[in-house]
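Number of protein chains: 2
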Amino acid sequence: MDIKQKPTETELEILQILWQKGPSSVREVNDAMSQEKEIGYTTTLKLMQIMNEKELTHRDTASRTHIYTANVEEEKIKSGLLKNFINSAYRGSASSLVMQALGQGKTSADELDQIKSLIADIENRK
Amino acid sequence: MDIKQKPTETELEILQILWQKGPSSVREVNDAMSQEKEIGYTTTLKLMQIMNEKELTHRDTASRTHIYTANVEEEKIKSGLLKNFINSAYRGSASSLVMQALGQGKTSADELDQIKSLIADIENRK
DNA sequence: TTTTATATACGAATACTTTCGTAGTACTAA
DNA sequence: TTAGTACTACGAAAGTATTCGTATATAAAA
Chain A
26 MDIKQKPTET ELEILQILWQ KGPSSVREVN DAMSQEKEIG YTTTLKLMQI
76 MNEKELTHRD TASRTHIYTA NVEEEKIKSG LLKNFINSAY RGSASSLVMQ
126 ALGQGKTSAD ELDQIKSLIA DIENRK
Chain B
26 MDIKQKPTET ELEILQILWQ KGPSSVREVN DAMSQEKEIG YTTTLKLMQI
76 MNEKELTHRD TASRTHIYTA NVEEEKIKSG LLKNFINSAY RGSASSLVMQ
126 ALGQGKTSAD ELDQIKSLIA DIENRK
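Those sequence lines, one after another, are chains A and B. Under our numbering, the first residue of the first sequence is numbered 26, with each subsequent residue one higher. Under our numbering, the first residue of the second sequence is numbered 26, with each subsequent residue one higher.
Incorrect hints may have been included.
Pairs involving identical chains hold if they fit within one copy or between any two copies, as the list cannot separate such chains.
Listed below are the simulated EDC-like cross-link pairs for lysine to aspartate or glutamate, each with C-alpha atoms no more than 20 Å apart in a straight line [stated by the list, open to error]:
| id | residue 1 | residue 2 |
| --- | --- | --- |
| 1 | K46 | E61 |
| 2 | K79 | D56 |
| 3 | K71 | D135 |
| 4 | K46 | E36 |
| 5 | K141 | D85 |
| 6 | K31 | D85 |
| 7 | K141 | E34 |
| 8 | K101 | E148 |
| 9 | K131 | E34 |
| 10 | K71 | E136 |
| 11 | K108 | E61 |
| 12 | K131 | D56 |
| 13 | K79 | D135 |
| 14 | K108 | E38 |
| 15 | K103 | D138 |
| 16 | K131 | E100 |
| 17 | K62 | E136 |
| 18 | K141 | E99 |
| 19 | K108 | E36 |
| 20 | K79 | E63 |
| 21 | K141 | E98 |
| 22 | K62 | D135 |
| 23 | K131 | E38 |
Just so you know, these hints were derived from the structure itself, not from any lab.
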């Protein structure tokens, strides 16, 4: 199959919105983006057109207002980005990334419990 | 203090080399980079000159071969990149990043132990 | 001394990303 | 029907990152 290139920062923002809200029009995506930063409507439109060319999205052009859908899996994209990030920032060591992420101190007790049970799972799996 | 901008991907590669090897010449950095990918000597040189302008590095020009040193702290840069990455890829949730990083299955028993004890520390701290 | 290898400096080409203006078209309300 | 609004298409400008060629200087080797 075809190897999907890594999305740019802005493309990732748009994917996040599509993953979260599901199929959306340019207007809807642009409204969501506008809550974060100022961005012109045609800028968002152009970005989404480009994403469609790259096949990061699919769109339904049946009605005048086109509806875009993410055409890449959230988990796949994120794990690709994560692998890339671990390689470039942590020289490939996932655990040192984890240590630093936890060290930031913004993880709730609940989340820590979840992580602990994931670790327990991993340990039992072996 | 001055807010250091986030290094580009290539700049980060160079910083990694400087952090790892300590003060180095362009030649040394270029040799290290060449092990990963093909890159021309003057390309590396130019990058390092730019990094110096941005004050990501410092250089000693006493001898003909200039010696470059990282001028930003590894921990600070990495935590900035991490924060940024968590925000853009994991909508701010450090724990979901941690879950995915651990899920990749390449974490050794030793590393898992380290993580567990860090979690214990965090829990006691409260 | 002459040649060859190795440095730096730096402008400019290339490539990639983001932004926006303009044009054309379709809907909607007056 | 006409005016106003909302939509797509698309070229091109602007911004940023990367790559490289050429000039020039210094050092080492022949």
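Is it within, between, both or neither when you check K79 against D135 at 20 Å Cα-Cα? neither (39 Å within a copy, 41 Å between copies)
Homomeric proximity label, K131 with D56: Cα distance no greater than 20 Å: Cα proximity of K131 and D56: none, with 29 Å in one copy and 40 Å across.
Tell me, please, which holds for K46 and E36 at an alpha-carbon limit of 20 Å: within, between, both or neither? So K46 and E36 pass the 20 Å test inside one copy only (15 Å; across, 35 Å).
Check K141 against E34 for me: Cα-Cα at most 20 Å, and say if that holds within a copy, between copies, both or neither. Cα proximity of K141 and E34: none, with 31 Å in one copy and 33 Å across.
Please sort K71 with D135 into within, between, both or neither, judging by C-alpha distance up to 20 Å. Neither. Shortest intra-copy (41 Å) and inter-copy (48 Å) distances fail the 20 Å Cα cut-off.
Pop the pair K62 and E136 into one bin, within, between, both or neither, using alpha-carbon distances up to 20 Å. Answer is neither; intra-copy 29 Å and inter-copy 39 Å both fail.
Should K131 paired with E34 be assigned to within, between, both, or neither, using CA atoms and 20 Å as the limit? neither (24 Å within a copy, 27 Å between copies)
Checking an output row: K46 and E61, CA cutoff 20 Å. Within, between, both or neither? within (16 Å within a copy, 40 Å between copies)
Quick one: K62 to D135, C-alpha cut-off 20 Å, is that within a copy, between copies, both, or neither? Neither, since 31 Å and 43 Å both go past 20 Å.
Should K131 paired with E100 be assigned to within, between, both, or neither, using CA atoms and 20 Å as the limit? between (23 Å within a copy, 17 Å between copies)
Give the relationship of K103 and D138 under a CA distance limit of 20 Å: within one copy only, between copies only, both, or neither. neither (23 Å within a copy, 25 Å between copies)
At most 20 Å between CA atoms: does that hold for K108 and E38 within a copy, between copies, both, or neither? both (19 Å within a copy, 15 Å between copies)
When held up to the earlier numbered hints, the structure conflicts with 2, 3, 5, 6, 7, 8, 9, 10, 12, 13, 15, 17, 18, 20, 21, 22, 23 and fits the remainder.
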